[in-house]
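Enquirer: The chain contents come next:
Protein chains: 2
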Amino acid sequence: MKFGGTSVADLDRIANAAEKIQAEVKRGYNVIVIVSAMSGKTNELVGWVNKTSDFYDAREYDAVVSSGENVTAGLMSLRLQEMGVSARSWQGWQVPINTTAAHGAARFVSIPRANLDAKFDEGFRVAVVAGFQGVSPEGRITTLGRGGSDTTAVAFAAAFDAERCDIYTDVDGVYTTDPRITSKARKLDKISYEEMLELASLGAKVLQTRSVELAMRYNVRLRVLSSFGDTDQNSGTLVCDEEEIMESKVVSGIAFSRDEAKITLVTVDDRPGIAAAIFGPLAEAGVNVDMIVQNISEKDHDEAHSGAVTDMTFSCPVDQIGRARKAMEEAKGAGSINYDELVVDTDVSKVSVVGIGMRSHAGVAAKMFKSLANEGVNIKVISTSEIKISVLIDRKYIELAVQTLHDTFDLGETSEAS
Amino acid sequence: MKFGGTSVADLDRIANAAEKIQAEVKRGYNVIVIVSAMSGKTNELVGWVNKTSDFYDAREYDAVVSSGENVTAGLMSLRLQEMGVSARSWQGWQVPINTTAAHGAARFVSIPRANLDAKFDEGFRVAVVAGFQGVSPEGRITTLGRGGSDTTAVAFAAAFDAERCDIYTDVDGVYTTDPRITSKARKLDKISYEEMLELASLGAKVLQTRSVELAMRYNVRLRVLSSFGDTDQNSGTLVCDEEEIMESKVVSGIAFSRDEAKITLVTVDDRPGIAAAIFGPLAEAGVNVDMIVQNISEKDHDEAHSGAVTDMTFSCPVDQIGRARKAMEEAKGAGSINYDELVVDTDVSKVSVVGIGMRSHAGVAAKMFKSLANEGVNIKVISTSEIKISVLIDRKYIELAVQTLHDTFDLGETSEAS
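From first to last, the protein sequence lines stand for chains P and G.
Everything in the first sequence is counted per the working numbering, starting at 1 for the first residue and increasing by one.
Everything in the second sequence is counted per the working numbering, starting at 1 for the first residue and increasing by one.
Do not take every clue at face value.
Given that identical chains are not distinguished, each listed pair holds provided it fits within a single copy or across any two copies.
[Claimed, not checked] With a straight-line Cα cutoff of 25 Å, these simulated DSS-like cross-link-like pairs (lysine-lysine) come out:
id	residue 1	residue 2
1	LYS119	LYS370
2	LYS249	LYS326
3	LYS51	LYS20
4	LYS119	LYS332
5	LYS326	LYS51
6	LYS380	LYS41
7	LYS51	LYS41
8	LYS370	LYS380
9	LYS26	LYS41
10	LYS41	LYS370
11	LYS187	LYS51
Everything labelled a hint here was simulated from the structure, so no lab data went into it.
Okay, chain P solo, but in the shape it has when bound (with noise of 0.2 Å):
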């Protein structure tokens, strides 16, 4: 069981997790707890680590960030211990959580399981492990980056062969699409790790992708689900191997990111190499270029242009797009690159169809493009994958083109089998 900061915000809010941890063990399981920081708390280290230094030891920063989680653990124990659970905290060289010295961004190497299956067998019922973090070969303090402590659960869920590993946050599960943007959003029982990834990737923020994709190799049961309110074993959405879906829906559902930015170099040289002059240089400024298509220029081939030409297109997040010019006009300034015009589009927005029964139905993006052109929307770059279909359009149409798939493809039916 996993509560992230929002689920042990305060000391009631942990006491409600213990609640939920309780039922766990009076249903008969021992339990593994993954704690995150209490929310807030980790920022005020940040901020102290920032105000400090400029150019941080990321070994220190390591050392005074995982605090945080340290004080969860322990109120948490002890939170159980006072409502008669037998339970004990352990940080990340107790256990020991093996890492690589990746300091702020560590690799699991190892979780021994000997230190905390003693204390099972001594009758302890839970093991509250501080969450984000481990110890390196040095024997220094290490955390895991954003989302650790999703993956910490998955890294326990995999080697202590758990029969489940509920992620509890502030969403009761899984959502056809975002139930903000249309009340006919529904709540999936079950997802594919594959779709979940597709999901996650495209900016449902339910998961962190790496957990994901952890969850998917050792093939560990993954259960997201609220914090708040009541649940029992069949609450929130159950994230598995598309085997344990017995029929799906050909498409699952349908993620959007708001605030894409679209470049076009105008006029590139086609010659080969002219990918790498590219998009090496905007990596090594930092811009997660995520769509990108190449087409024949428009333009005329005129003198100015001894061989063939193309016009490349690609998209990074809005905030990202300072940057990435920067990037393409040193390099036509240090003559890498050449093109005619830069041409930059802030106001789009991505949106993507998901599903593992793509695989197997033709005809999901004809039905897709034909929904969207219906309402008048304009497609202006397309990128697809083996399960997913995503779109730039014009960012005034991404409510009405995320309303519009969802009814296309019946996902707000309840027809779906569990």
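Given chain P, put chain G in place with the hints provided.
Expert: Quick look at chain G alone, frame taken from chain P:
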């Protein structure tokens, strides 16, 4: 170098302390720094624990409460690095600081030098150690109880054969008496361990008794000085072996404790075991009995008492008087002791003259009593040790008594050799 909570209360003060550390590094020293939690942080953590659990697991208490020192250690290391000083933080388990498993009041077992020495050999100049904590034989985090950071500093100084142990605090040294009572109070350049122990236990709150005991046992030269304002290698007060203090005065300081209370059991049976029958229940009730005086009862030896009788008087902190009275009444009710009357005086204070010179100088007590008598101060109880004479007096006379004794023993003069 040890910095207490007020000396690392915020980022500015951490920066200020870092400058003092840098100054020692520039003088050629390798430095071990012991830090407390930023002031207020430990109280916040303790508050959370108390709100979470009534009968708390001391192991979890320690895991939570120790995190404050870890944060300071990391921030201090970062600050030092920012100033170009090669430093790293050490949590108790990383050193390791091996302690007993007596959580909340653990005692040192060993502090192996290997890990820190290896880093010093690599060229690190400063080890910043989280104070107040250690690790138990079971690998759980322990805390050392009150004054634990001072004790940590002395223990490291002993383990690493340090030239000095500098305790930075919010006063600039040890004074002949409290400067708020008399403007003639003077900072001592040096004081012996024995005198410091008497002053510490008598209410001069500069150093925790246990840290002075430890310093005396391992002959650690302990310096108390202010973390505010300029300091150099001669600032503050050096607590050291009396051999180092060439010529000392007969009396070094006047200590006092304002809020004392006195209880007299009138007409107690004077039989073997009566003291145990009285002070056993008081100890069990958590009453810190200080002075004890037994004298023949003023009452007549009447028919109600078949054997010899006595009066028994003792003192304790005024806020423990309720507990003391209850313990005595219960003992009487149970028949284990007998007395005619229980007289409580809650308006008394204790004043003490302290000095190793007393050992070789007679007449100190007489001089003290005469001086107080001249001012009309009545002495209610007297207690003496080898280097201290304490008296209980009415509280209204405490300032007068301290001022008079300070003058009587010439403590305001500057003739002390250093």
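Enquirer: Please go over all the hints and tell whether each is borne out by the structure.
Expert: Hints versus structure:
no.: 1; hint: LYS119 - LYS370; in the structure: neither (60 Å within a copy, 67 Å between copies)
no.: 2; hint: LYS249 - LYS326; in the structure: neither (44 Å within a copy, 76 Å between copies)
no.: 3; hint: LYS51 - LYS20; in the structure: between (38 Å within a copy, 19 Å between copies)
no.: 4; hint: LYS119 - LYS332; in the structure: neither (63 Å within a copy, 48 Å between copies)
no.: 5; hint: LYS326 - LYS51; in the structure: neither (29 Å within a copy, 54 Å between copies)
no.: 6; hint: LYS380 - LYS41; in the structure: neither (43 Å within a copy, 54 Å between copies)
no.: 7; hint: LYS51 - LYS41; in the structure: both (15 Å within a copy, 18 Å between copies)
no.: 8; hint: LYS370 - LYS380; in the structure: within (14 Å within a copy, 102 Å between copies)
no.: 9; hint: LYS26 - LYS41; in the structure: neither (31 Å within a copy, 36 Å between copies)
no.: 10; hint: LYS41 - LYS370; in the structure: neither (49 Å within a copy, 61 Å between copies)
no.: 11; hint: LYS187 - LYS51; in the structure: neither (42 Å within a copy, 37 Å between copies)
Hint compliance for this structure: hints 1, 2, 4, 5, 6, 9, 10, 11 are not met, and every other hint is.
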